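Whole structure, please, built from the sequences with the hints as guidance.
Chains A and B, in that order, give the protein sequences.
With the first sequence counted from 1, adding 1037 to any position gets you the working numbering.
With the second sequence counted from 1, adding 84 to any position gets you the working numbering.
Don't take every hint at face value.
Said to hold, decoys possible - Derived DEER-like restraints, expressed as beta-carbon distance ranges:
no. : chain 1 : residue 1 : chain 2 : residue 2 : range
1   : A       : Arg1177   : B       : Arg218    : 40 to 46 Å
2   : A       : Leu1484   : B       : Thr167    : 57 to 63 Å
3   : A       : Leu1484   : B       : Thr213    : 58 to 64 Å
4   : A       : Gly1450   : B       : Ser359    : 47 to 53 Å
What the hints assert, rightly or not - In silico DSS-like pairs for lysine-lysine, Cα to Cα no more than 30 Å straight-line:
no. : chain 1 : residue 1 : chain 2 : residue 2
5   : A       : Lys1095   : A       : Lys1320
6   : A       : Lys1270   : A       : Lys1320
7   : B       : Lys303    : A       : Lys1270
8   : A       : Lys1395   : A       : Lys1435
9   : A       : Lys1426   : A       : Lys1179
10  : B       : Lys576    : B       : Lys411
11  : B       : Lys295    : A       : Lys1270
12  : A       : Lys1320   : A       : Lys1118
13  : A       : Lys1398   : A       : Lys1152
14  : A       : Lys1179   : A       : Lys1435
15  : A       : Lys1270   : B       : Lys334
16  : A       : Lys1095   : A       : Lys1426
17  : B       : Lys263    : A       : Lys1291
18  : B       : Lys299    : A       : Lys1270
19  : A       : Lys1291   : A       : Lys1270
It should be emphasised that the hints constitute simulated quantities derived from the structure, not laboratory data.
Just so we're clear, the structure is a prediction, and the values are computed from it rather than from any experiment.
We put the beta carbon where it would ideally sit given N, CA and C, even for glycine.
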Amino acid sequence: MSRKPSLSRRTVLRGAGALLALPLLERMLPGSARAAAPAPSPRRLAVFYVPNGIHMPKWTPTGTGAAWELTPTLQPLAPVKSDVLVISGLANDAGRPDGDGHHAAGTAALLSCTKAFKTEGTDLRAGISMDQVIANHLARQKATRFASLELGIDEGRGIGNCDSGYACPYANNIAWAGPHTPMAKEVVPQAVFDRLFGGTHSGETQAQAARRRAYGLSIIDSVREDATALQRKLGTTDRRKLDEYFTSVRDLEKQVDALGGPTSACGTPIAPGGDEDPRAKTKAMMDLIVLAFQCDLTRVVTFMLANARSNKVYGFLGLSGGHHAYSHHQHVQSNFDALARIDRWEVEQYTYLVRRLKEVKDGQGVPLLDNSLVYFTSEIEDGNGHIHKNLPVLLAGKGGGAVVTDRHLRAPGVPIANLYISLMRAMGVPNVNTFGADGTRELSGLLGG
Amino acid sequence: MTSRLHERRRWLGLAGTGCLLLLAGCKGDSPPSARVLPETPQDDPPVQVAGCENTSIDPGRVTLHRLNRAEYDATVRDLLGDTTRPARAFPVDDHGYGFDNNADVLSLSPLLMEKYASAAETLIESAWTRGTLRTCALDAANPEPCARDILSRFARRAWRRPVTPEEVDRLLRPLALAKQHGDTPEAGVKLALRAVLISPHFLFRVETDPKPASKTPHKVNAFELASRLSYFLWSSMPDEALLQAAEQDKLRTPQELEAQVRRMLADPKAQALVSNFAGQWLFTRALDSAEPDPTLYGAFNDTLRRAMRQETELVFQEFLTGDHKLKDLLDAPFTFVNDALAAHYGLPLPGSTTPQRVDLSEHPERRGIFGHGSLLTVTSNSDRTSPVQRGVWVLEQLLCSAPPPPPPNVEGLPPPVNPTMTMKERMALHRSLPQCQGCHRMMDPLGLALENYDPIGRWRLKEVSGAPVDATGDLPDGNVLNGGADMRRFVKADPKLPECMTEHLLTYALGRGTSEADACAVRLIAASAEARGGRLSDYILAIVLSDHFTSRRGDTEAPSP
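What follows is the structure, given as structure tokens:
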């Protein structure tokens, strides 16, 4: 792991006070002035995860290609049908656990396509997730203030085991910065809002901004020296813990270093309410995703509608049992009905996000959705059999021309990692030819034909 | 080795009478026919444990331990007098081996670092405004002597050890930076104070080994030991008395350690053991997210939820300070209820909205934790009781003999064949699947014996269907547990109970999972705790005085990639 580039970049930055002002000024221009020198609209990725799989008989469209119809579960997509691509048949073999633990293993592998090491504590190990590969790429370009956002609505499970011998971080995180580092997610809408818009220091002078930056960096230098001195005294396991510290400090440094706050395209954002109801909380998070994209605060967001193996009781859907319990349906019709109701609700939330992204325009006056990829999936297909093949997959938005929508694409048995190679390339990551355990090429058919 | 494998092997290695049955049951063999129900346990067990006489005990090692949310909040409360609980805005800590203070799973994400940085700024600004940190006046012309004083005092407490002059020198650097930007010395000192709070020496509990690559055990140093004590008992930093004891190297003798433990347990800060240890060991924390089906169990509401949590917390608190054997938690003849909870339980109303201690001589069904609404609710499904969850809870949390998880594709209880089937009959049907039979034969009877408690902990004689409750659990050996009282006696007499309680408490005390390598230590600590009198304080003392608590060793080699 090399830290030198970051130090030398800092050195360059310090000697270039005058240069610093330029991008800051550019970002402060009103939208119309920026339109005069149009840059291509940035591409954006949102991942929408749902737990416990999907009841596929009510999900999978019968037609293939452009001749597809909405199924009962996909019915909520009607207003955005032309913006959606349904992909059937993708498999994530790396999600299969050792013994039991399908939910945790499937979730740890969801975006990493890497088999999680079975442990309740020591030696936590999965792999970098595709969203973080993209985030790293964008961070190198200093594209946005936040390289990525990790959101959800559920706190971690309070007690007991998470999933059959798999540690909770596997079940609670789909974004992984590296094999040992899950990206913790935010679950309080207000906290996300404060984070996005709290530290923008609007109205400060250039000198004040420079001072703030210098102060922030001095703290970072100080603690990094502490850590470096400490590192020499530690054994291997502890050093790995301290590596997380170094990585986090480096990320903090990037933020302190980053210039400016939200662009003018986003107007005056309104803070979300403090509602604990999952419906209100989900909507608030969707609104924040749209806002973060609109203000170009980040271009990569992952969202977990609940943690893996969630046994949430959807009382507001008229259901009394828990989601996970229903998912072990045992082919009982009443369980199928309950699952279909939950699935449909999940699709409604996803649709809301897609619809909002279609309504809201970016700085160039283009609907956000045109340049976005909004990806829906779950860690398994069927909850009873814990199937890691034929995963439920939706992709909305055209990703700036990377995807042709309003179709049902069948790709039976194809590694989902191939889809991720396509998504990473669509997001501009260069030289991605393989990914995870089994990604070897782009997924063919995203552009039709 | 994963813990499940470990448990599995423990299962195989169990020596107690009941355990052989567990083993036999789980393998699907026919159970041994002779099984005597528990005898009275020995009053005075020897502190020597068979099989561990000549074993040199490896104290193991604890990974560099990040403060979890509870520890962070308690630490800034004691360090800065700040009670705003800033860690509520931090991402949730993951947990391993049943506790969220497990050093291995406490990771540090970039998001958390960002929160640390912003919390540090807010905390220091507020403490500075309140004057908490200003031990002297900063002279604008020559600020360094006072700055040095402020920073060295603060860093000593924040880092829970003496700081070196070089470290203070480094902390003083922002003074020059502030001056360079035309700012006051105060601004520089505040920057340095913020740096103290996001330094690894604050965020982690640092313990170092003289030889990081040697497995030879050594005593942790006095300051590391002080922090082990304070984070175990208070979830917080050492106070001045403890820090000074460490500075004077007084923590070496068992007498001094015992005196510190007793002093610390008497402090209100020991409440942390209730919320952080008991809250997770007894699953009380899960009550926050319990969602009983409102159509069937509409009687459950937030008033009851709160009263149930308080009941278990107050009972555990009483065990922390009172003269009770820890295993009496299973059948303590008293509890704490307010009017709402008393009515819910069918007890006489104490005439108060705050919990009152009540005697249960006339109400044996409410004795001990198996009478607590908290535990009975969190081990139920939303719409029915779950004898399996209740049984597994007993096996995991009290007997450390958890069965392996169910194989795929068979989880779940079949729906009733006819509407008036009892839970026991439905479960018998479920158990008829051969792949389920083995393990369920042990889990089910423990849970079925509690069938008189509904999913929100009310006493009942009939199930929702109208079928009369059958609260009998058939043990694999043919003996029958006849209701809750029988079940309490059975579990309380299991020889695994003291060791299992030790295992959970030790896991929490060290912040690491235990493995087979710790088996003898656990047995010795349990025996020593029981010999001392078997109170919770005896268990705590036995742990604190053990080599596991006072020693550590280095890593052997690089872990597998």
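The hints, checked one at a time:
1. In this structure the supplied range 40 to 46 Å holds for Arg1177/A paired with Arg218/B, their Cβ-Cβ distance being about 43 Å.
2. A C-beta distance of roughly 58 Å is found between Leu1484/A and Thr167/B, which places it inside the suggested range of 57 to 63 Å.
3. In this structure the supplied range 58 to 64 Å holds for Leu1484/A paired with Thr213/B, their Cβ-Cβ distance being about 60 Å.
4. A hinted range of 47 to 53 Å holds for the C-beta pair Gly1450/A and Ser359/B, which are about 50 Å apart.
5. Restraint check for Lys1095/A and Lys1320/A: satisfied, since their Cα atoms lie roughly 24 Å apart, inside the 30 Å limit.
6. Distance restraint check for Lys1270/A and Lys1320/A: the Cα-Cα separation of roughly 48 Å exceeds the 30 Å cut-off, and the hinted pair is therefore not satisfied.
7. Proposed proximity of Lys303/B and Lys1270/A is supported: the alpha carbons are some 16 Å apart, at most 30 Å.
8. Taking the CA atoms of Lys1395/A and Lys1435/A, the gap is near 11 Å; set against the 30 Å cutoff, the hint holds.
9. Between Lys1426/A and Lys1179/A the alpha-carbon distance is near 37 Å, which puts this suggested pair outside the 30 Å criterion.
10. Proximity of Lys576/B to Lys411/B is assessed by CA-CA distance (about 7 Å); at most 30 Å being required, the pair is judged to hold.
11. Restraint check: the Cα-Cα separation between Lys295/B and Lys1270/A comes to about 9 Å, which is no more than 30 Å; the hinted pair holds.
12. Restraint check for Lys1320/A and Lys1118/A: satisfied, since their Cα atoms lie roughly 20 Å apart, inside the 30 Å limit.
13. At roughly 39 Å between alpha-carbon atoms, Lys1398/A and Lys1152/A are farther apart than 30 Å, so this suggested pair is violated.
14. Pair hint Lys1179/A plus Lys1435/A holds up; C-alpha atoms about 24 Å apart against a cutoff of 30 Å.
15. Distance check on the hinted pair: Lys1270/A and Lys334/B sit about 25 Å apart at the alpha-carbon level, within 30 Å; holds.
16. A hinted pair counts as satisfied when its Cα atoms are at most 30 Å apart, and Lys1095/A with Lys1426/A qualifies at roughly 17 Å.
17. Our distance criterion of 30 Å between C-alpha atoms is met by Lys263/B and Lys1291/A, whose separation comes to about 25 Å.
18. Our distance criterion of 30 Å between C-alpha atoms is met by Lys299/B and Lys1270/A, whose separation comes to about 15 Å.
19. Under the criterion of a C-alpha separation no larger than 30 Å, the hint pairing Lys1291/A with Lys1270/A is consistent with the structure, at around 27 Å.
The structure is inconsistent with the numbered hints 6, 9, 13, although it conforms to all the rest.
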